[in-house]
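Enquirer: Chains as they are written, first to last, in my numbering: chain H, 1 to 421; chain F, 1 to 236; chain C, 1 to 291; chain G, 1 to 341.
Keep in mind that the hints are not guaranteed to be accurate.
[To be verified] Some but not every residue of chain F turned toward chain G, in silico, with C-beta under 8 angstroms:
1) Cys76
2) Ala77
3) Phe84
4) Lys88
5) Leu90
6) Asn91
7) Gly92
8) Leu93
9) Leu105
10) Lys108
[To be verified] Some chain F residues well away from chain G (every beta-carbon gap over 12 angstroms; in silico):
11) Lys27
12) Gly29
13) Asn98
14) Val172
15) Glu222
I should point out that these hints are in silico values taken from the structure, not numbers from a laboratory. Ideal Cβ placement from N, Cα and C applies to all residues, glycine included.
Below are the chains, spelled out letter by letter.
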Amino acid sequence: MRKKTLVSIIVVSALVLALLSGCSSKGSSSGGDTWKIGALYPQTGNLAVLGNEALMGAEIAIDMVNEEGGVNGKKIELVKADVTDPQKATTEARRLIQQEKVGLLIGTYGSSIMLANAAVADQNGVIYWEGGAVADSLTEQGYKYVFRTNDNTSAMAYAMADAIPDLAAEKLNKSPEDLKVALVYEDGSFGTAIADIVQRRAKEKNINIVFVEDYSASTTDLSSIVLKLKNLEHDVLLLSQYFNDAILFWKQARENDYNPKIVIASGTGQTTPDFYNGVGKDAEGVLVADVSTRINPDALSEEAKTMLREFEERYKAKAGKEPASHSVRNFISMYTLFKKVLPLAGTLDADKIREAALSLDEPYGSTPFGFGIKYAENGQNERMFNTIQQWQNGELVTVWPKEYALKEPIMLPLPEWKDRQ
Amino acid sequence: MVLLETRNIEKRFGGLLVLKNVSFEVKKGEILSLIGPNGAGKTSLFNILTGFLKPTSGDIFYKGRLWKDITPEKMCASGIARTFQVVKPLNGLTVLENITVGSLLKYKNLRQAMRKAHEVVEYLDLLEHKDKLASSLPIGLRKKLEIAKSIATEPELLLLDEPMGGLNSGEVEEMIKLIRQFRDNGLTIVLVEHVMKAVMNLSDRVLVLNQGVIIANGKPEEVSRDPAVIAAYLGE
Amino acid sequence: MSQLLVTGILLGGLYALISMGLNLIFGVLRIVNFAHGEFIMVSMYLAYWAYYYYKIDPYISAFVIAPLTFLFFMTVAKPFIVKLADSSHLGQVFITFGIGIVLQNLALMLFSADYRSVDTVYSKMQIALGEIQFSLARMVMFLLSLVFTVALYYYLKKSYMGKTIRATMQNRTVAMLMGIDTQKVYVFTFALGAAITAFAGGLLLPIFYVYPTIGFSFALIAFIVVILGGLGSIPGTLIGGFIIGLTEALSGYFISASMKQLVYFCIFILILVLRPAGLFGQRGTEELGVK
Amino acid sequence: MTMQRSLKREFSLVRIVLLVLPMLLALIIPNAFFRDIVILLMLWSTAASAWNLLGGFAGQLSIGHTAFFGIGAYTSTLLYINFSVSPWIGMFAGALLAALIGVVLGSITFPLKGPFFSLSTLAFAEIVRIISISWSDLTKGSRGIVIKYTPGFDKFIFDSPVAYILIAWVFMIAVYCVAVYFNNSRLGFYLMAYRESEDAARALGINTVTVRLKAVAISAGLTAMLGTFYAQYILFIDPESVFIVDNSLQIVLLSLVGGIGTTIGPIIGGYIMVPLGQFLRSALGDAVPGFHLVIYGLCMLLIIMYLPGGLVSLLQRRSFGGSRLKRPGRRRDEHGAVGNS
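Just chain H, same shape as in the assembly:
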């Protein structure tokens, strides 16, 4: 009998544990002189790299705001949660709202997590402020309280397709119609989404894609695709890859002496310093479609420049490395939220915030990406875009479009491997 009670005790205590895990809300709920904000980012598992990268960007923005005395005198208190899949995202989002009494949710990286966060926030009448994930689907759900300052998949895919005439056709002196384009992507949600839109856009611009293939990012070998491409006559290679596979692909391209003439990648695998660390000098010349802070300064407002300078100092101090676009995205989104939207709203009330956000109207160039700010009814910032950047001596510099270009594109077409050192 004693054992029975023992087990029952264990079970009950576990349930109490569950209750606690909810009620163990740290600090007071929103109100007083702090505002509690919930941060839902994947910090473990496969999405951890960019999840933590993105979170850091948000944290820096909040540090800055707090050091300057907070929003209308209210300090921002960030409550972090590790969400690695939709189920955990749903649970944690509920916890932050119900238990931690956060007045607002921010996130994230990874589209499935983003969708889960947004759904909970919108159901609970709380604002969800997206700072990193780019899937278009976020703003296609008819949510009322969901906003995204940064770019979306379409912007990225369009940039990839639209740059082909200038960066490929011109350099190879062919007309865009005659170009043969190959498209390779990882079959995750991001890669698939990019691939779909790129193909649609290419058709509009009558650029003909002659080869399309996908693969699982978890693979340990990509030689089969590399060899297919090697035996395929094509001028441009479009890539949409995650991390490990981006490095693996490029390493194996060299191993198998596959020499693409022009490579335009979407901004994930090839965007971060990890890619350069991974493949070293071989990264030189690779084109990447992404947002960038390495753009022509003349296109930026003074505020944007100072904002960027400060961010980069803080980031280097914090992480000891160069920031990737994902942290900057979150930084800018959160900076906009805390510096522009919340002061205007003066409260965490969702409708007030929505009102304030919709009323914003800032010209292009007012953020370090060159974005303006003008939210559409569906919450998407319309004044956003992607540029094409290129790896030049270890850093990504914008080379397209002209008005934002920092440097001229080099190595187009790419030299053969044997001619590289």
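Based on these hints, arrange chains F, C and G on the given structure of chain H.
Expert: Chains F, C and G alone, transformed into the frame defined by chain H:
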């Protein structure tokens, strides 16, 4: 009348011929002992009769009809129960439950089956052990449980594979009594056994198998005098 | 085409090498080691830090890391292995799976999720035979897999320890009766397997890159290779590696890269059903120590 | 007699309390997060006991059950999205499909034992996952499917968590009753016999093929129904969340912690591990990334290594978990080939 009959059963494992045209019959109500040196093919024969092995050739007649491609479950359902020389108790279950699994063959309803199993338990006086886990039993009781399980299926023909192997003399005596009881209750029994004492005073008929061939078939005392048999055991 | 075959074979050698250790642990000891991938991951990190701090080349540090791993399992982790050997296979799955979780997230805590790789001179070197190209690093992996196969094969066949290991694999009880200290054999074999795995991990570094969750995909492949080749059969593992390597290259090339895993999983199930002992395992061995 | 006694045990006071407690607590405490945990807890406990029907009673240790879970989720969702079939109906369609696939898989992998069966189920689950990704015309691939939030009973979507709590609870009780039935019926006894020794079972007239397939079908079907529940609760499914191997392992882990092959064990396992994981996640969420999983992993290790029979082994003499979780090879003689051949 004849309950079970085999005609020129032959079995080879690869090149090795373990049974060579083995033909014999089992009459209803008798105790037939199957003896022979190790490796004579006794267990193989059992496995063939119960469908655990397919014979290379030869026919098996049971209750007058020919049985093609037989399986253990079919044979058991038709009234042939067997025990294993290396006993196979259902370790995770209690003694009563072990036996219940057997009685479930005839009694679909668990409650009846358990009641039936309980009778078997009393019959084999395992009462004080009925709630023990099979895995916790000593070898003597395991052998008994092995038989109890098969009895519970209410067979007509019972194939016992060395039920007395590893038992002490006391237990052997008890086992002999038990087997005789079974026969008196109308069961037909085929017994593979090395304990000659048991074979001699139990069996109505003895079948001697040597290197896959039947070398003798008759009353115990005749067989024990048969020179071929003595040769087989002592070796030329 | 010839290029494709070469790539497939080289990949096969790589797979064989990372599976060799698992073949000892799972194939011989029947310990279902779900932490195999994490063993690889840890050794890759060790190699990485050795390179990062002391500029020790992975090919050299591998020769240090492997013995260290061996010692670690012979001494510190010994009681754990004994415990593992006594649990049911399901118990083993989850003990090792738990260890996997712990290791993976320790790595995350300590080293962050960043992708780390080394840039050695040879990691980019190419050898060209006419049309056919291949990377030096992969070639080294391939050759070493051959060396290991031969060495391990003869070790298990000829040496006394090898014989006791095989005896224990055949029948633990009998081995015990024959006065073999089966516990010692278990620990030794496990440590040996772990050491080989660690060695392979170090060699992977110049070709791949390391991050906390890299293990899983390797582990799955290793299991497939071991079962395909035959449990406990060292040459089998080599062949199994080649088969998977080629399957991956060919199906990826002729069907589709997204389908190649599908293809080898199907092959895996087929082999399991049609010839559970694997291509080169002796029949019936798959039943040993398994209910 | 014995029968009633065993039934009394299955519905003893302690157990009834155990089974009802979380549901009641969740109803009393109007705390959405707590309710959320209780719902997930009941969901996974139920999934674990559904697995246990096959893994525990029949000893077929599948680590691919997420395949059935996902098949259930996708079947009902696709029927709902494309043909606006009510998920209530879709749920049974999914169960049927999963059961069929389970039977096919079961008959293919019939000869496999121990780890080989487990690995084959793992491979099977991976195959299903890959198909779900690449057959994107049907499944929308990796992008996953968002189920529009439109409350309504026929739509299986509710605005109040109470509904989900009750449904999840009914599922849990239903599956518990199935487990009790297994434990006290011909089928259950035959499965246990098969688990303990296939030869002995066959010698006692048990058609091991059919009983095993029955178990697979029931287990797979019930798991699939839970997949539907998951989809309707989270309102978003994608291959990475419903077909991922972690689900399979989680399901087995709960049974293992609670006590395999027992009726109440898997449920207790869920009661312990789900809140634990959640507690660590939220308590250590602010700490270094990964910390909470390290702790979780360690807890899991301790329980499995030092309580091989699961928590239930504290409760019952008769949880063969202990005897199961000893390496069978130890008692080679009982698992050797038939007879002495």
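Enquirer: Now, for every hint given, state plainly whether the structure supports it.
Expert: Do the hints match the structure? See the list:
Taking 8 angstroms as the C-beta cut-off, the interface hint given for cysteine 76(F) holds, the closest approach to chain G being about 3 angstroms. At a threshold of 8 angstroms, the smallest CB-CB gap from alanine 77(F) to chain G is about 5 angstroms, leaving the interface hint in force. Checking phenylalanine 84(F) against chain G: minimum C-beta separation of about 6 angstroms stays under 8 angstroms; hint holds. The closest approach between the C-beta of lysine 88(F) and any C-beta of chain G is roughly 4 angstroms, which is under the 8 angstroms cut-off, so the hint is satisfied.
The beta carbon of leucine 90(F) is positioned within 8 angstroms of a beta carbon in chain G (closest approach about 4 angstroms), and the interface hint is therefore held. Interface hint at asparagine 91(F): satisfied, since its Cβ lies 5 angstroms from the closest Cβ of chain G, which is below the 8 angstroms cut-off. A cut of 8 angstroms between beta carbons decides the hint on glycine 92(F): the least distance to chain G is about 3 angstroms, and the hint holds. The closest approach between the C-beta of leucine 93(F) and any C-beta of chain G is roughly 6 angstroms, which is under the 8 angstroms cut-off, so the hint is satisfied.
Proximity of leucine 105(F) to chain G holds as hinted, the smallest CB-CB distance being about 4 angstroms (cut-off 8 angstroms). Because the beta carbon of lysine 108(F) sits about 6 angstroms from the nearest beta carbon in chain G, less than 8 angstroms, this interface hint is met. Distance to chain G confirms lysine 27(F) as a non-interface residue, since its nearest Cβ pair spans about 23 angstroms, more than 12 angstroms. Every Cβ of chain G is farther than 12 angstroms from the Cβ of glycine 29(F); the closest lies at roughly 23 angstroms, confirming the non-interface assignment.
Remark: the non-interface label on asparagine 98(F) conflicts with the geometry, its nearest Cβ contact in chain G lying 8 angstroms away (cut-off 12 angstroms). The non-interface label for valine 172(F) is consistent with chain G: the shortest C-beta to C-beta separation is roughly 20 angstroms, beyond 12 angstroms. The Cβ of glutamate 222(F) lies farther than 12 angstroms from every Cβ of chain G, with a closest approach of about 28 angstroms, so its non-interface assignment holds.
Hint compliance for this structure: hint 13 alone is broken.
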